[in-house]
Each structure stands twice: as C-alpha cells, then as structure tokens.
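S.K.: Produce the entire structure from the sequences given, and follow the hints as far as they go.
Note that the protein sequences, when read in sequence, are chains G and R.
So the first sequence is residues 1 to 202, counted in full-length UniProt numbering.
So the second sequence is residues 1 to 530, counted in full-length UniProt numbering.
In case anyone wonders, no lab produced these hints; they're calculated from the structure.
Model, not experiment: these values are computed from the prediction.
Take these hints with a grain of salt, some might be off.
[What the hints assert, rightly or not] Derived DSS-like pairs (lysine-lysine); straight-line CA-CA distance at most 25 Å:
no., chain 1, residue 1, chain 2, residue 2
1, R, Lys504, G, Lys76
2, R, Lys504, G, Lys69
3, G, Lys76, R, Lys385
4, R, Lys385, R, Lys374
5, G, Lys69, R, Lys459
6, G, Lys61, R, Lys451
7, R, Lys454, G, Lys61
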Amino acid sequence: MAGSRGRGRSQFSFSVDALGFGRGDCLPSSAHTPSPLYPPMQFRPVPLHTGEEVDYMLALKQELRASSKNLPFHIKAARTKTDVARYSDKYQNGETKNNCIEWSPDWSRMPKELCIKVRKPRKTGERNSIIIITNTLEKREEEQHSEEEEDEEKKKQNEEEPDADEDYDEEELEDTDYIMSYFDNGEDFGADSEDNMDEAVY
Amino acid sequence: MTTQEVRLCGLLLQEHFGNVVEKVGTHLIRSGVLTLRALAHETKLPLDLVKKSLCVLVQHGMCTFGAGRRGPAGPVEYRINCEHVFHMLRYPRYIYTAKSLYGDTGELIVEEILQRGHMTMSSTVKTVADRLTHNMPEGQSMDYSEVVSVFSQLVETHFLQRCPPLASAGSSSSGAVDTPLPVATQPTEPESHPDCYKLPYINLTGQGKRRRSSEDGEADQCCGDDDGIYWQVNFQRFHLHFRDQAIISAVSCKLDQSSSEIVRTMLRMSEVTTPAHAAFTQALSANEIFRALLSSYNIARPILDQYLSLLVDDPMEFVGKTGDSGGGMYVVNLHRALANLARATLESVVQERFGSRSARIFRLLLRKRHLEQKQVEDFAMIPAKEAKDMLYKLLSENLVQLQEIPKTPDYAPSRTFYLYTVNQLPTARLLLQHCYKTVGNLIERRLYETKENKRLLEKSQRIEAILASLQATGAEAAQLTEVEEMITVPERQQLESLRHHINKLDSSENQVDETIFLLKSYINSTQASL
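M.R.: Here it is as structure tokens:
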C-alpha cells in the first residue's frame, strides 16, 4: 500500500526531510561507466615508516627473494626439445630434468606416491676428469707393479685387463663414443720433418 | 578462499618457488582437496613436475595430506594451508625478531629453518656455524656449542618446535589415527605431542668450517644421531610476541614510557602461563609485579600503584583489576586490547582516505551504534549538506551500513526509520580483503617494473661481474673506469630510480603486512571466544 495520494501532483508519499535533500537541489550525476581504474585520490597518502628497523627488514626481504631463486626448491620446468635434438645437448650440464628432484627430502614424512628419483648434484666436468685421471694413473702404477711380480700367464691376463680398462677409461675421460687413442690431434705432425728436409711435406 | 587471497597466494608462491609450484598451488587452493592424479590431469602438467611441486609444498608445511574420501585404502588427498602461504610475507619480520632477541646466531638459525621448511638440529647447527665462520675474520671459527646453546634457548622459549609425527599418510601404521572419518584427517597439532619442545640428546662438537671456493657447493647431508627429529618455526609464538609488542607500543604512545614498562613486565611474567587464545592473562598481584620489575626502571611501590590504577581507568582498557588480594590483582585484557587496536586502525584508514570530518562521523557511529541522519549532523556538528555527502560516500564504500526499522509492516519509506551504523567485525574483514588486494597490487607492480627494465638490469649485473673479476685479478684503475663507463649516465639514473621504486614497493609490502597481522589477530580473537 503506497501512501495515500494527496491532492496535487507535488505531494509525495514520504516526507521530504527524511530524504536529506530539498526540491530543486541538483543530485549527483548517475554513473554511466564503471569507476575509473585509477581514481584520483582526495588526500595524499601518509609517507612510509623509516628507520633502521625498516631498512634492515627491507634488505632481508630482498636477500631472501634473491637467495630463494638459487635454492633447489625453486622448480623450473625442463626445456622441451623444440626442434632437432642437438649433439651439444649432451654436454650441457646442469640441465634440470623433470624426473629428478634436486634435494633429498625425508621420504618417511611424505606419501609414498610422491617418491621421485633424487639427483646427486654433478660435480663440474673438470673435477670429474681430474679424479678419473688420477685414478687411472694410480691403477696403472699398481698394474705395473703387479705385472713385474707375477708370471707370464698372469701377465697376459693383466695385460688384457689394463687394455680393457684403458679403453674404458679413455672413453670415460672424454665422455664420448669415440676411443680417444684413434684420434690424432696433430701433435706429432711437425716432429718427423726435422730429419728429412729434402722431401716435401704434404 | 576469496579471490584476493587466492591471487596473493599465487604471487607469493611464484616469487619463492617458481611458476610450476604456483600453478599447482593455485589450482589446489581453488579446488580444495585433490588427489595426485586429478591434480596432474587438471593442471595438464607432467606428473613428475606435480610430484616435485607437492614435495616442495609439503616440505614447507604449506600442503597437508591425508587419507581421502575413500578411507585409508584410497588415494591420498592433498590440501593447501593458505595461512601458511601468507606467512611467507612476514619472513623478514620473524628473522628480525630473532635477531633482536638472540643476536646474529638466532637470526641465522631462524632464517635457515624458514628457507628449508624443517630441518634436523644437527644440520641446522652445522650450516649456521659454517655461515658464521664465513663472515668472521681469518683464523677464527664458530664453535658448535655456542650455536647449540642459542638453539636450545629458542626451543625453551617455544620459538622453535618439533614437527608433529604423521598420523597416517597412506602408511601401514594406523594406530595413531583417532577418528575413522572419510575426509582427509587433520595432522596432529604440534603442541599435542608431549615431546614438542624436548631437545634430542646428541653430541655435537666441532667448529664451523670456512668454505673454500674450490670445495663442493652442496652442503653434505651426514646422518646425525637425531635423524627423524625435525624442527620447524612456531609461528604462533612469534605472533603472540608481535601482539605483545603492539600492545606495549600502544600503551607507550597513549600513556608514557613507565606504564609501558609495567605492561611489558606483566606480559613477560605471564608468557608461559597464558594459553595462546586466552582473552586475558593470568591474574598477577601488585606485589609480584613490583618484585619482577627491573630495577633500572626506578619505579617505587606507591608510584606503581598509581600507574596501575591509571591503566585500569584508561578507556582503552588494556589492564583490568580482578581482585584486591596481594595489593590488587591485575590482568592484561588481550582480546579487548586487540579490538581497540583494530578499531584505531579502522579510524585511521577512514581519516586518511576521506578526511578528518568523515573520520569524526565514523568514530561517532562506532561509539553510538545507530544514529539517524539528523542525529549524525547534530552530534558531529557538521552542516547538513556536507554530512549527507560524507555519509553517502562512506555508505558507497561499504564502511557504513544502513539499518531499516519499519513502523508499519509495509516498509513504507515515510514510516520507516533509517539508521546508520558501523559494525566493527565485518568492516575489519572488508579492510583485510583490501589489504590482501593491496599487497597483490604492490607485488604485481614490482614485477612489472622489473620486467620493463630487464635489459638494463642484466646489463648492470654483467658489468658488475666483469668489474668484480677484474678487481680480483688486480686490474688498473683505468681499466675499471673504462668498464664502469659502459653504463651511460642516463642509464645510471634510470637504474637508480628503478632501485628507489622497488625499495619503496618492498617497504610498502612490509608495512601493509603489519596491518594484515593486526586485523587478522583481531578477527581470530573474536572467533576464538565464540
């Protein structure tokens, strides 16, 4: 039930006072568009806190952010092969692989289904080869000693083993499919020419 | 979870753990509870990446898992604990608090444990000793025993706690599961474990090693005697500490330094006896307070009594009197103090955004509860037109609500009272959501600024690396200046202004986080008392 319509058009059903504005007052314009993305501010904001404490926490925050990028918890998806598989991919170390996790969590605290292979961090290639070289040198020393002491039969057997070991070690040295002894790196090239200067060298 | 909270969680996860974890985490928050297969299927990520992300999240305590809807025989279900993700915003504050209480050693211990989620005591001690030794001058090294003593202090004051043992994680032991509910079982509260704060008996002797640059970069994971006992940061204890700090600083602002020292003493005495969600501390007698006051404050007994009565009479109601025995029994009203602090925050926000006269109206409505428009104009002593304008503005921002009281059942406008009112709790929740949105905006702006100037930042990093290597090999000053000049002067200015902007944005994040903490504590305190 709307209020009783009084006589005359200008009488409304509610008292004008309750509305808060009188007749003829201009009302604020209605909104035609959504409010602007960056509305102008009426008052400037208060300046930030300053002080030693604030500066220290700021530095801490930036340090934490930088160091968290280097932790193993920062997970990057492995790069998918975009085009042809390149030979150099084999030698790019440190590439993350999807199926390895870079840190070793305590698996007893995790559900079994999350168990994933832990990747031992690979030491740099130089250190690897240095260790292998020292290992092979030690092995060859030992083998020489054992060759001198033992019989010929054992000598033959030992010769086979070091040969096999040598081949294996040489392969491992350069981590390629080629046996390094087959590769001639040209160091012997100029050595013979000192004897015979008459013949042309091709 | 509201939109703003999900957005903020995503941004925080991305900042710390990368895009993959962000994708997994955001999807899990939106879906609530999911199994591993469902998660992998819906995010369309390879299963291994999802496994790695979940490992990271579980390690940091942000994701919990339990037997799913099909009971222990079914697949494991995971859910994210959003509150824990928001704590990442507050890491600098935790670390700074540890530093102020326990020095550099405490700071490094808390920093290590925060960054790694949870650690054993032996690995923490070794890592921290190594880091401290690294910073010490040549020839000195940090002894393990000092680090162990600081660690035990942190545990005694409950800042560090043991990680709770798992109730049931798809493993065979189901004896610890209390209820056979089909939903994912809640992990046991750390405090319910009786050994929560017990240090393991391990023998840690040694000194920190100075790491040479040629040595392996990875920390070696040797097994200590305390394998399986992991320690995590007790966030609740830190929050109680922050709450106490807020109350003390409020008292010192409102009254004076001596009264804040008295309140500090009272809070310190009731630290261990008051449970976490208590509305007020244990009652302390004036005699006890006097004995516990440090002599450096120089407060005589009658002065103490005067201060206490002043505190009790103060309208902020920080301290209340509960009895007369022992010279008067006094308590600190924790929940009321939090409510008053939240109210002060709301009033300050209105004042800074809309002006002091709108703030006057807001305070009036908070005090008088319900007022008609005419009464607002009269009490606030503001001309009608302006009062109406301000009220409608506050109404449109949802800071003020309208309550209709009808005289007749038909709600006719001429026969209805329209009363303006402010409800503190819903307004605090609204402001909290605004804060989350603010922090999200700040982070996005910082990422945008960094992305815009990425080329310049990379160039400056390269040049710094070149300079560092040149200096290490002992180059002349001419070479160094030549390298430095590779960055032109306008580029240098641009870098400087970029650094200034990013510092400002980071600082703002820290400051908004203080407001978030206050509002969240207030909201939690109202829920606890229900």
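S.K.: For a quick check of understanding: which of the numbered hints are violated here, in increasing order?
M.R.: 1, 3
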